[in-house]
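Protein chains: 2
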Amino acid sequence: MKKFEEKTIQTEQKFKGRIITLQVDDVELPNGQTGKREIVKHPGAVAVIAITEDKKIILVEQYRKALERSIIEIPAGKIEPNEAPELTALRELEEETGYTTDKLQYIQSFATSPGFADEIIHLYLAENIVELEEKVDMDEDEFVELMHVSLNEMESMIDRKEIYDAKTAFAFLWVKNYLK
Amino acid sequence: MKKFEEKTIQTEQKFKGRIITLQVDDVELPNGQTGKREIVKHPGAVAVIAITEDKKIILVEQYRKALERSIIEIPAGKIEPNEAPELTALRELEEETGYTTDKLQYIQSFATSPGFADEIIHLYLAENIVELEEKVDMDEDEFVELMHVSLNEMESMIDRKEIYDAKTAFAFLWVKNYLK
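The listed protein sequences correspond, in order, to chains G and D. Position 26 (the first sequence) corresponds to 26 in the working numbering; numbering is contiguous. Position 133 (the second sequence) corresponds to 313 in the working numbering; numbering is contiguous.
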């Protein structure tokens with residue numbers, strides 16, 4: 001699908017950070033004119049809908065500096081270099097929730113902000129989860145609080161804007177549709 | 181909700197573009213240590229689930245340079261300075277689809293990439309849509325193709341990864357749940 005393709009004339013990297021880079025592409029538009037595209041490159045991420053034995057969903061509250069507030073999300077994390085997304089999903093499940101699973105199922109992938117970023121989130125479902133005997137360390141700059149909530153509680157959190165991100169809003173509707 | 185707050189020690193702007201800016205914040209973490217956060221600032225956006233008289237959903241195919249491919253999305257666009265999101269929603273509906281409405285209803289807002297960006301998308305439902313007698317111009321660097329699709333067709337587009345972004349994936353489940 002290369003419809004309306006915007007051919008790259010020139011790419012200039014403007015910032016290279018620990019996690020993201022930013023570049024400005026000069027492009028040739030479909031009508032032959034030129035334009036500029038500001039693009040953030042991101043390694044991609046996974047998110048996990050983890051279902052407990054009593055049919056609750058595991059959520060993680062954490063501070064999001066970009067939003068200057070804490071929000072409640074499904075467990076998620078960045079893909080490490082050369083890491084298969086399924087392994088990232090299992091690793092993040094273990095690190096963030098203290099659970100592991102032998103039943104991890106791929107759901108769907110999507111771009112989070114296609115207008116300015118290439119980040120893709122790969123979404124997984126984790127069932128048959130069991131507590132790890134030994135906890136796995138999280139990244140040293142991550143501080144999270146765990147909770148197990150029902151779909152009804154999740155809906156209230158959406159109403160109160162405590163759940164306030166796309167992947168978790170999607171997860172709520174997905175569970176409501178396919179697991180209820 | 182300031183749980184696990186990360187206090188800003190210093191902010192350094194690294195890039196200021198036409199649409200996004202990028203800054204690196206030095207922060208004090210909850211354990212007293214310091215860390216760095218790479219943050220993209222975005223003006224925010226709206227997206228519109230527009231339903232035709234025969235219960236189809238209006239979708240827009242466009243090239244997304246960040247992904248280097250075209251994808252199919254619900255109509256969406258950036259909020260202009262001082263523009264109320266509801267007006268953005270009506271404007272983008274008119275510009276991108278050639279339809280307008282007297283029945284625009286707020287659904288929900290969410291952050292698209294809270295790990296590295298402050299972008300919020302405000303989602304609206306447009307019903308009772310009617311074709312504009314005179315088309316409104318789009319941004320001069322936008323090239324899109326319109327389509328009216330059923331929920332079943334939308335599901336096939338998701339399977340084929342032609343629909344491949346979070347807001348449109350959410351919209352599919354939302355319509356399936358609440359409008360079917």
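Hints are computed from structural coordinates only; laboratory data are not their basis. Owing to the predicted nature of the structure, the values given are computational and were not obtained by experimental measurement. We put the beta carbon where it would ideally sit given N, CA and C, even for glycine. Be aware that one or more of the hints could be misleading.
In the DSS-like style, the derived pairs of lysine-lysine whose C-alpha atoms are separated by at most 30 Å in a straight line are [to be verified]:
hint, chain 1, residue 1, chain 2, residue 2
1, G, Lys56, D, Lys183
2, G, Lys55, D, Lys187
3, G, Lys161, D, Lys182
4, D, Lys187, G, Lys41
5, G, Lys14, D, Lys187
6, D, Lys187, G, Lys16
7, D, Lys182, G, Lys41
8, D, Lys341, G, Lys176
9, G, Lys41, D, Lys236
10, G, Lys135, D, Lys194
11, D, Lys341, G, Lys41
12, D, Lys221, D, Lys341
13, D, Lys356, G, Lys16
14, D, Lys236, G, Lys36
15, D, Lys258, G, Lys161
16, D, Lys236, D, Lys258
17, D, Lys194, G, Lys14
18, D, Lys356, G, Lys103
19, G, Lys103, D, Lys258
20, D, Lys236, G, Lys2
21, G, Lys135, D, Lys341
22, G, Lys3, G, Lys41
23, D, Lys236, G, Lys14
24, G, Lys7, D, Lys194
25, G, Lys2, D, Lys221
26, D, Lys236, G, Lys16
27, D, Lys356, D, Lys283
Pairwise CB distance ranges, derived in the manner of DEER restraints [what the hints assert, rightly or not]:
hint, chain 1, residue 1, chain 2, residue 2, range
28, D, Leu359, G, Gln13, 36 to 46 Å
29, G, Asp102, D, Glu335, 39 to 49 Å
30, G, Ser150, D, Lys356, 33 to 43 Å
31, G, Asp54, D, Leu331, 23 to 33 Å
32, D, Glu307, G, Ile9, 22 to 32 Å
33, G, Asp137, D, Leu331, 35 to 45 Å
34, G, Gln10, D, Val316, 25 to 35 Å
35, G, Leu87, D, Glu311, 28 to 38 Å
Here's how the hints hold up against the structure:
no., hint, in the structure
1, G/Lys56 with D/Lys183, "holds, 23 Å"
2, G/Lys55 with D/Lys187, "violated, 36 Å"
3, G/Lys161 with D/Lys182, "holds, 14 Å"
4, D/Lys187 with G/Lys41, "holds, 26 Å"
5, G/Lys14 with D/Lys187, "holds, 26 Å"
6, D/Lys187 with G/Lys16, "holds, 23 Å"
7, D/Lys182 with G/Lys41, "holds, 29 Å"
8, D/Lys341 with G/Lys176, "holds, 22 Å"
9, G/Lys41 with D/Lys236, "violated, 34 Å"
10, G/Lys135 with D/Lys194, "violated, 38 Å"
11, D/Lys341 with G/Lys41, "holds, 20 Å"
12, D/Lys221 with D/Lys341, "holds, 28 Å"
13, D/Lys356 with G/Lys16, "violated, 41 Å"
14, D/Lys236 with G/Lys36, "violated, 34 Å"
15, D/Lys258 with G/Lys161, "holds, 21 Å"
16, D/Lys236 with D/Lys258, "holds, 24 Å"
17, D/Lys194 with G/Lys14, "holds, 8 Å"
18, D/Lys356 with G/Lys103, "holds, 27 Å"
19, G/Lys103 with D/Lys258, "violated, 40 Å"
20, D/Lys236 with G/Lys2, "holds, 25 Å"
21, G/Lys135 with D/Lys341, "violated, 36 Å"
22, G/Lys3 with G/Lys41, "holds, 22 Å"
23, D/Lys236 with G/Lys14, "violated, 42 Å"
24, G/Lys7 with D/Lys194, "holds, 26 Å"
25, G/Lys2 with D/Lys221, "holds, 29 Å"
26, D/Lys236 with G/Lys16, "violated, 43 Å"
27, D/Lys356 with D/Lys283, "holds, 20 Å"
28, D/Leu359 with G/Gln13: 36 to 46 Å, "holds, 44 Å"
29, G/Asp102 with D/Glu335: 39 to 49 Å, "violated, 29 Å"
30, G/Ser150 with D/Lys356: 33 to 43 Å, "violated, 21 Å"
31, G/Asp54 with D/Leu331: 23 to 33 Å, "holds, 32 Å"
32, D/Glu307 with G/Ile9: 22 to 32 Å, "violated, 42 Å"
33, G/Asp137 with D/Leu331: 35 to 45 Å, "holds, 44 Å"
34, G/Gln10 with D/Val316: 25 to 35 Å, "holds, 32 Å"
35, G/Leu87 with D/Glu311: 28 to 38 Å, "violated, 50 Å"
The earlier numbered hints that this structure contradicts are 2, 9, 10, 13, 14, 19, 21, 23, 26, 29, 30, 32 and 35.
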